[in-house]
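A.B. asks: With these hints in hand, go ahead and build the complete structure from the sequences.
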Amino acid sequence: MSDEVEIGFMEARAVLQSECLKVLPAVRRQVDAHRQTFIWQMDKGLANSIFGIPIEKAHDARLTSEQVRRIARENGKNYCYTCMAITPKVLALSLSIERLSHGTLSPQEELNCFRSLIERLAVLEAALEAMSRTVRPEKIKTFDDLIEVREAVSTLIGTRFDWSKLQLIDFSKMPSKTDYFHDSAETRVDLSARNILNQIDKLQKKERYKGIRPFYNFCCEFVHPNIGDILATTSEKQIIKTQGGQLAYKTKYHEDPSKISKDDRDFFILFSKAYAFGTMLIREAEKVTLEYGNLLNTVRRVNRKCAHKVVKRQIACFSKDDYCPCGSGRSIRACAFRRERP
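What the sequence shown shows, in my numbering, is residues 28 to 369, in sequence order.
Since no wrong hints were added, every one of them can be taken at face value.
Taking lysine-lysine and the DSS-like style, the derived pairs with C-alpha atoms no more than 27 Å apart in a straight line are: (1) 264 with 300; (2) 237 with 314; (3) 300 with 233; (4) 229 with 166; (5) 168 with 347; (6) 264 with 279; (7) 233 with 166; (8) 314 with 300; (9) 166 with 314.
Beta-carbon label-pair distances, calculated as ranges: (10) 56 with 254: 36 to 42 Å; (11) 115 with 274: 53 to 59 Å; (12) 159 with 205: 33 to 39 Å; (13) 156 with 268: 57 to 63 Å; (14) 56 with 278: 41 to 47 Å.
These are computed hints drawn from the structure, not numbers from a lab.
Please read all numbers here as calculations on a predicted model, not as lab measurements.
Even glycine gets a Cβ: it sits at the ideal position worked out from N, Cα and C.
C.D. replies: Here it is as structure tokens:
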């Protein structure tokens, strides 16, 4: 990133709000068409010996109609899983941008939004980089390509909390250690969250993100109970003379200093730099989400094409009134066999 322009806190904050208002609709628009998915529950009865067989070879494998339908549905889940990985991250990122656009939060709350923004940007950029090593969005053509995309974005679905064991337990009865642990003997899907600091450090090495790690560290000071609490609530600092001619330092504290002071001198100097840097991150967020919007559109289109091709080739195995394996939520009749508009 280029060096930030030296401006006062109030001006930097106004520029940030203006940029957020401009970027927010574009960010949300990337996932508007991907907010709803339709997916079958995992078919536990699907034998391992037939799972993964290309549906086009079903007749060679001598599969039953039920097995063909199960495989088709499993293969059609790629779009749903891709949406599950991407859409919530983009929406969470957009929520931070929306909150920053209002100008009604305190500086401390806005710095927390910056921190959240950085973390989402880091994981989204990491997934894009992983994908670039296997398949580019413009090269996605086949079912195998969809599998590559699904694997690349799978890192966006992670946790450090053991949801499966603890979701029905009261917090007062939970053990102090709540960490998620992947048991490879139980499932091949590893949901372990990647270390966010490592991913932010990778961004730090890129020229356009230079400074993002120290900026993240700065924002963390206002999340944790550190000196950031003092800096974010100090509203007025004055040196005054006492009756004896001596000098005294007068300080006032307020939960939101920006509501009672518009004087840049009342705010810590790094605040203006933080808001200028955050504005540049908002612009990067728009670029990143645009890539994901294009990716989701491509995955949906290719997934439908592959699923519809399967249905039409193996039509004897399906009922046209059943849900389409592409995951659209529509019937096969209304989806795979619908008449295209001229």
